[in-house]
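Two chains, two frames, some hints: make the complex.
Chains as they are written, first to last, in this note's numbering: chain A, 1 to 114; chain B, 115 to 228.
What the hints contain is simulated information worked out from the structure, not anything from laboratory work. Predicted model only: the values in this text are computed from it and were never measured. There may be inaccurate statements among the hints.
As the list claims (entries may be wrong) - Derived Cβ-Cβ restraints for the label pairs, each shown as a range:
| id | chain 1 | residue 1 | chain 2 | residue 2 | range |
| --- | --- | --- | --- | --- | --- |
| 1 | B | Lys-175 | A | Ser-84 | 32 to 38 angstroms |
| 2 | A | Gly-54 | B | Ala-131 | 50 to 56 angstroms |
| 3 | B | Arg-136 | A | Val-15 | 38 to 44 angstroms |
| 4 | A | Glu-59 | B | His-124 | 27 to 33 angstroms |
Glycine included, every Cβ here is placed at the ideal spot set by N, Cα and C.
Residue strings, one per chain:
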Amino acid sequence: SQTIHQWPATLVQPVGSPLSLECTVEGTSNPNLYWYRQAAGRGLQLLFYSVGIGQISSEVPQNLSASRPQDRQFILSSKKLLLSDSGFYLCAWSVGQASGNTIYFGEGSWLTVV
Amino acid sequence: AQSVTQPDIHITVSEGASLELRCNYSYGATPYLFWYVQSPGQGLQLLLKYFSGDTLVQGIKGFEAEFKRSQSSFNLRKPSVHWSDAAEYFCAVGARSSARQLTFGSGTQLTVLP
Chain A
1 SQTIHQWPAT LVQPVGSPLS LECTVEGTSN PNLYWYRQAA GRGLQLLFYS
51 VGIGQISSEV PQNLSASRPQ DRQFILSSKK LLLSDSGFYL CAWSVGQASG
101 NTIYFGEGSW LTVV
Chain B
115 AQSVTQPDIH ITVSEGASLE LRCNYSYGAT PYLFWYVQSP GQGLQLLLKY
165 FSGDTLVQGI KGFEAEFKRS QSSFNLRKPS VHWSDAAEYF CAVGARSSAR
215 QLTFGSGTQL TVLP
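In isolation and in its complexed conformation, chain B is listed as follows (with noise of 0.2 angstroms):
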């Protein structure tokens, strides 16, 4: 069975630094992964996906991630953090037999310090 383990749960950065937020999962073959961000009482918005091809993945708000198969790793990173970027953040990965089998890490809640 697939599983994602996200092992912060909390991180605190202050605003301008860089941020580097870690997944690492679990499959037999090639995963889909995401990473999804979530605002308090929100629902969850895609943040960015790899399926296939390059592994480093741009998504929206400056967010990127690499894929690293021999880490089994999905890092989330952005370069310089904004305040409006303190939210939860989820690790998800999905097989490509079904959209059923999507499983989420349990979340990195990050703290931005003026």
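Chain A on its own, in the form it takes in the complex (with noise of 0.2 angstroms):
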């Protein structure tokens, strides 16, 4: 069966300093992964999507990058954080129509920065 490893669960981070989170899929091959920020009191915001290694899209403009170096790797990075970085990341996984573009997702990683 897929499972999905994200890391760090919690991260205090001072400002300005860089980041990287990182999230592996096991099970499953070619899958379409994403990065998600989840804001307190806020809904889920859709910040990175992959559909394959090297292939990145952004959809808004941040502070934040992300990279796929391999098929089911998928990091979430920034040079430089701000305050409004804070929040729960959750990165997520997809294999296509053929399941329906079902997301399963990560346990989330925590990130406070002061």
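Structure follows, in structure tokens:
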């Protein structure tokens, strides 16, 4: 069966420091991969979407970037964190229309920028 | 553009009572519809999904949802709520053409009284 791993689970970083959140999917190949952010009291916002290695679509302009160095690895990064980057970050995957484009989520990473 | 409305921000029910969470969507064609549940500090777990066919879909944990095209609704129901059902519930609508186009509602927080 497919599983998704996301780490670290919790992170406290000072303003201006870099960020790297990692996500890997097991048990499937060529998944679509996503990074979402869930700010306190707000819904889910799609940040990045990837259909393959090196293919990244950014949904909103921001201080973050994403990379997909391997088929089942997705990384969320920032060179200099802002206070507004605090939130709950969720990695997710799907495998296309055969499964109805169902999206499955990781356990999330809490980022607090201080 | 597609959209999802969850009109109830917060619902409180007693344990053992029935539950209905409302979801209304806006989409130009027949969408994919999903319900997810999120426990505090956790990722989103898929409860159920509708693609086509029978408009009453069964999910995990005793939940069901009914797709009503005429009302553009996909309400989630459970006949008898358990204390462990306390969580936040998200409805989502997806385009058949792309997994990228998954739009989430703002969520309904469920509190269960003993």
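Any of the earlier hints contradicted here, and which numbers? none
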